[in-house]
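Chains as they are written, first to last, in my numbering: chain A, 1 to 340; chain B, 1 to 340; chain C, 1 to 340; chain D, 1 to 340; chain E, 1 to 340.
Don't take every hint at face value.
For identical chains, the list gives no copy identity; a pair is met inside one copy or between any two copies.
[Claimed, not checked] List time: in silico DSSO-like cross-link candidates among lysine-lysine, alpha-carbon distance up to 27 Å: (1) Lys220 / Lys149; (2) Lys337 / Lys30; (3) Lys259 / Lys74; (4) Lys180 / Lys19; (5) Lys259 / Lys220; (6) Lys169 / Lys335; (7) Lys30 / Lys19; (8) Lys335 / Lys202.
If you are wondering where the hints come from, they were derived from the structure by calculation, not from laboratory data.
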Amino acid sequence: MTVSYTLEVANARFAGFTKLLFRWKGSIYKLLYKEFLVFCFLYSLFSVIYRCILTTDQQELFERAARHCNKFAKLIPMSFVLGFYITQAFQRWWGQYTSFPLPDNLMMVVSGNVHGMDERGRLLRRTLMRYANLSSVLILRSISTRVRKRFPTLEHIVEAGFMTEEELKTLNHLYSDFNKYWMPLTWFANLASQAREEGRVKDDIALRLLMDELNNYRAKCSMLFHYDWISIPLVYTQVVTLAVYSFFAFCLIGRQFVKPEKADEYKVHVDLYIPIFTLLEFFFYAGWLKVGELIINPFGEDDDDFETNQLIDRNIQVSMLAVDDMHQHLPPLEKDKYWM
Amino acid sequence: MTVSYTLEVANARFAGFTKLLFRWKGSIYKLLYKEFLVFCFLYSLFSVIYRCILTTDQQELFERAARHCNKFAKLIPMSFVLGFYITQAFQRWWGQYTSFPLPDNLMMVVSGNVHGMDERGRLLRRTLMRYANLSSVLILRSISTRVRKRFPTLEHIVEAGFMTEEELKTLNHLYSDFNKYWMPLTWFANLASQAREEGRVKDDIALRLLMDELNNYRAKCSMLFHYDWISIPLVYTQVVTLAVYSFFAFCLIGRQFVKPEKADEYKVHVDLYIPIFTLLEFFFYAGWLKVGELIINPFGEDDDDFETNQLIDRNIQVSMLAVDDMHQHLPPLEKDKYWM
Amino acid sequence: MTVSYTLEVANARFAGFTKLLFRWKGSIYKLLYKEFLVFCFLYSLFSVIYRCILTTDQQELFERAARHCNKFAKLIPMSFVLGFYITQAFQRWWGQYTSFPLPDNLMMVVSGNVHGMDERGRLLRRTLMRYANLSSVLILRSISTRVRKRFPTLEHIVEAGFMTEEELKTLNHLYSDFNKYWMPLTWFANLASQAREEGRVKDDIALRLLMDELNNYRAKCSMLFHYDWISIPLVYTQVVTLAVYSFFAFCLIGRQFVKPEKADEYKVHVDLYIPIFTLLEFFFYAGWLKVGELIINPFGEDDDDFETNQLIDRNIQVSMLAVDDMHQHLPPLEKDKYWM
Amino acid sequence: MTVSYTLEVANARFAGFTKLLFRWKGSIYKLLYKEFLVFCFLYSLFSVIYRCILTTDQQELFERAARHCNKFAKLIPMSFVLGFYITQAFQRWWGQYTSFPLPDNLMMVVSGNVHGMDERGRLLRRTLMRYANLSSVLILRSISTRVRKRFPTLEHIVEAGFMTEEELKTLNHLYSDFNKYWMPLTWFANLASQAREEGRVKDDIALRLLMDELNNYRAKCSMLFHYDWISIPLVYTQVVTLAVYSFFAFCLIGRQFVKPEKADEYKVHVDLYIPIFTLLEFFFYAGWLKVGELIINPFGEDDDDFETNQLIDRNIQVSMLAVDDMHQHLPPLEKDKYWM
Amino acid sequence: MTVSYTLEVANARFAGFTKLLFRWKGSIYKLLYKEFLVFCFLYSLFSVIYRCILTTDQQELFERAARHCNKFAKLIPMSFVLGFYITQAFQRWWGQYTSFPLPDNLMMVVSGNVHGMDERGRLLRRTLMRYANLSSVLILRSISTRVRKRFPTLEHIVEAGFMTEEELKTLNHLYSDFNKYWMPLTWFANLASQAREEGRVKDDIALRLLMDELNNYRAKCSMLFHYDWISIPLVYTQVVTLAVYSFFAFCLIGRQFVKPEKADEYKVHVDLYIPIFTLLEFFFYAGWLKVGELIINPFGEDDDDFETNQLIDRNIQVSMLAVDDMHQHLPPLEKDKYWM
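Next comes chain A alone, as it looks inside the complex (with noise of 0.2 Å):
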């Protein structure tokens, strides 16, 4: 589930973002940890290592190679090219979401706009519905790892009532050799147009309203469907994660507490075994690009993942109790409060 803590941040209020600090779920220690597990247990190998297995000479090897790594991983610019990725991942991450077809706007008009309490009426408006629901799975489909697990095959959306046997095979029978999420959404544009035919939308500006609308609605679906196919340059994905891992790589030597290059910088010498600040290091720019591996792909099945199935079920939901339910349901008409 979307891990949702700005209700617990709303006042600024003293050691206001401390608290989030102790979640577990969706947190960084729980991305992190086994990273975090694997860095440490190669940082105590290397340790061990030089303290109990070199001899004198090799010792001073090493101790050489790991001033020099010391030396170097600093020219590594980790925090600039992650900021700058992060920023860009952002981005497309929100774009994603902002790109989920809402079937709202859609099925106000439907009902607004599709007339007839009858049995005709009801099958035309949920229909339309349908029809756009279907499209938005089918999308979805291809793209989110939950839904594909809900509907492995399209015989369980047919199970699900997002769709009929015939419809199915209508789709089958169409040949295309790219994803036919648009083709639900032509079937709407043409009961529409029969709906106006038959006088159920009463005039052509509703017709228009509805096919405005249904643009909207695929113009959404179409934008998912691209930002899933075109990623992030692969290029770059890999120069981000070249750099922070061959950050901590060379942090593995270099970061060893090694005896000082001087003979007065003993008295000075700190051998803390355990590396504190590096591994904090670790947690702030690992956890960073953690951030960018989770908003690269928001529908997957992470914690912090859009609910793509949930979100599936409230939108047929909706769609039918608005333009079916509340059809000119509508509570009686009262003076307010104010009327004057």
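Following the hints, put chains B, C, D and E in place on chain A, whose structure we already have.
Quick look at chains B, C, D and E alone, frame taken from chain A:
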């Protein structure tokens, strides 16, 4: 109340921003003084321990630790990560404000297009606007702590006159797992459609205009809901908080005025007792983080948060004014001053 | 007056930006010279105290303090925080400018769609445009110090011909706690609706066009109001100001030309008396902060602020020109030069 | 083919980005290995010259030069300028992709609003969509090297079925110095207008809808043309390239493992022969620059460039499917599963 | 002419950006060589003075000054302020380009909706488009030095066929303190309205379409005007210029190859005579500033500036082509290749 200060700095005159430093309300001092006191207390504690309690050997150990801390604290790239984080939070913050649903467009359109000076006409116009306002109250109740306090239950909304008892019943009757803020807007669509049939809305184009503005209004409500639902990933906030907190934790030790490392440094050693630079850094960086805390949820009760309750009152007031009192109530047309 | 200089640098020729450095109006020198003098005075004061008044022991103490200050002043990441802050202020600044309500679209639509060369027709068109202009004057009065000075009371607006006495009475009669800038626009909507009934507006589509442009116009007024109401959080501005001010406070001491720390540095010591580098840094950083001060409220009376009064005059002038003088007054159609 | 990898990193699991490092297709390795080999070769060359050929005096000179180079190479703020440059290139890159003209909206509108199951109806609908597709082919031919290769002359477009011989003649007949991509869209407008007169388009509102979508489509074609015409200023690209190239030129000398400056550094001197840190830096910075090279023109033939030819095929295929096969061919309406 | 180079770097192949370095037109070399020569000359001058003219005592003073300069020059955060400044200038630059009024949409709408193959019909369509083009010429004349040179007076515009003598008279007759670019567009609105009355525009919806596109066109003209009127605040440009200039002024002294400070540094001292690193830095930073100079006003006569005159010609040419030659002149409809 939102702290508005731009008028004071309208002109970039001598020491323009200086006067902004001497404000309490909504200021960095008010937000931060508690954390500041805690930091001071802990710093003093360590200072006293170091100076008065530790033995000379222990002192030397402490000094080493302090030097070590100070050296590594510099590696934490706070300014960078804060800069990027705050920029993103800022964009969301302004996005949230501009998503605040204002009924101004809607009321102008209702006033101009739903005709009839009789009671039915008034009832229609007032009810339409009441629906719109009700919808925004429902959504704001779920995201703003201030509004939630004002309307703890739906009954409070009825009492305040935004909803009738009948409407509450209908609303409760409709089952949905999710926020029902969109329901009054569906009523709006259906009522407008009914008004068209009664001839109160004179043509299809006017109806379309009503529908368009309704959709704009709904889109804003929906946007607000999503801003609340999809926060900045928790991981990101944690990374930033962790960076700032660990930096100042290290400063507690690393910025103590310990004895200098080498004998010849004694004569240039300065022991200020009060680490004014570190305190300033605290004000600066922790203050920057507080900015994030402040704007990450602008619907809380901070001095600088949006005045949702005030806006709700303003909206219903001007809605009624525009569609009722001002409807077709024009001042007499006169030739203007420059008429030739 | 807005300082426009792009024409001077239209071509990137030799030392292109150089000539911009020798301008007084709207320049950094004009904005900053007072602060600069104060800084110079304080620096000299400390310098004189150090060189002439202090005893040798006190001097040594001062030198230690100076070195300490200088070292820590470097820790303040001014350029970073200024960079981010100014970028955000800049976006708001441009956003405010593009929100300035211009009647151009509206007047073209009124001119083309409200028909009638007789007095009633002229009266309608002129009044509609007057309402629009009145609305922008009302909103600008509340945010621009220049406009406020020009129209200290609503009577001044009547005098200037933007409003009639009757309209003022009606406006005063309507009670609202909030800015009433939207009221003339509601009159506009109602008057347009009336014009449609009279047949002056010939069809529903033209009325819709009027309503759409009206809504665009109103949206801009509203945006302007909100930009004014919701400032950049005070805390943010305070943090930035604090950083810059404390940096230069430390420079007053830390950048004094004190005796070098070690004997062997004597021979390389440079005592310039005038700290030209520090003064340049002052110009640079304090200048950057001044940019922020300048653009955070573009409706003041700075050299670079928007010329609201001039724009108000332009708007009413072209409005009347377009809807009255130019209405259906076309130059004769002729075949153009390339007619074949 | 566009390298899509987001599905692989849908979940932020252990070492999530690690697997991305072991890919060849579209990877940084594939893009950069040639430059890398050249750099290695040159480095070795200098290394051999220094170690084997130079006399001791010359070696000393070389060592001085190396130290000098190394010191100044640090002054080049590559990460900064690269960060800003890539960010801007990235925004253009995504802008270009979202400007890709997709016929989806247009085909839905044509399918729903140009009526008639007879041959004339089909002909109209198919021709309209062919015009739209032809237009995008014409514009893509001028900007995408892939499309240019596929359609070296206009005859190839005729052959591929996007244009008839007659249309080619008409196109050639019309004289214009500039790209003629907009001409088929003018035909579209005129043909739609004709279809309205024939009654195939039933009302003015439907015609307007066609015109609106046509304009959207044309705007995208036009945007694409302008992205191609107006590049990021050459000067900017040169500055960035120069910075990166000169940095690595200096590294060739400055990062040689020369003898240490002072005698007492001998014992800590590390001679690795292979400068792994410098090579990593090369990968990192030159890789970042390659990202820029990759995205500055996404219509080339890189692994990561847009698959324009594939998109062209998809577009014509779905266009015909939607307006012909699917036109008024609806699956039978059935009550859905949740009908009550 | 705009320097377009993206086609050359369509594929990210070996040393892709390298070839961009060997261009003269629109290059950094062409833009910067004069400043570069001046800098070299001044540097040599100081060098000669130091080496040949000064006495040993004076030399020592100079050396101190040089070291001092060098130390403080590092404090100027040029890369930061340049990065932010150029980014903002870049956004404005692209904003200006996308605000360029292109008549493509308008001409398509005129061609499709203003009917009549007779002379009156042609006259109407041609005149409408001429008005639109005239308007853009009027606005461009006031912002582009190139267009100003081409049309120094309004008579030149008449001569070029964009305006008739009668229109010029009418234009001159109307008094306005401000740019009159909007007047031809008001004529357009009125003429379209007249065409509707004559029945040349067949329905209200078509008229509305014309009006909408007209407003879009006008909005772009207006945007262009405002981009010109409201520059980036002069103060900001001055701050950036001052930073870069003062940095290089200090480099003139600070980067001289003075004798090393301490005796033992003699053996590592490198005296290159030519400060290649400083020269590179100059190219790099001054080049970055030149980017700003180049893009701050894209309507000048630089190699990289927009080709306004060429665009004006293109616009009038395609306008006439579309509304006259191509009006209802369609190639014969044929079954396409894939007809089944």
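(Q) Checking each numbered hint in turn, tell me which of them this model violates, lowest number first. (A) 2, 4 and 5
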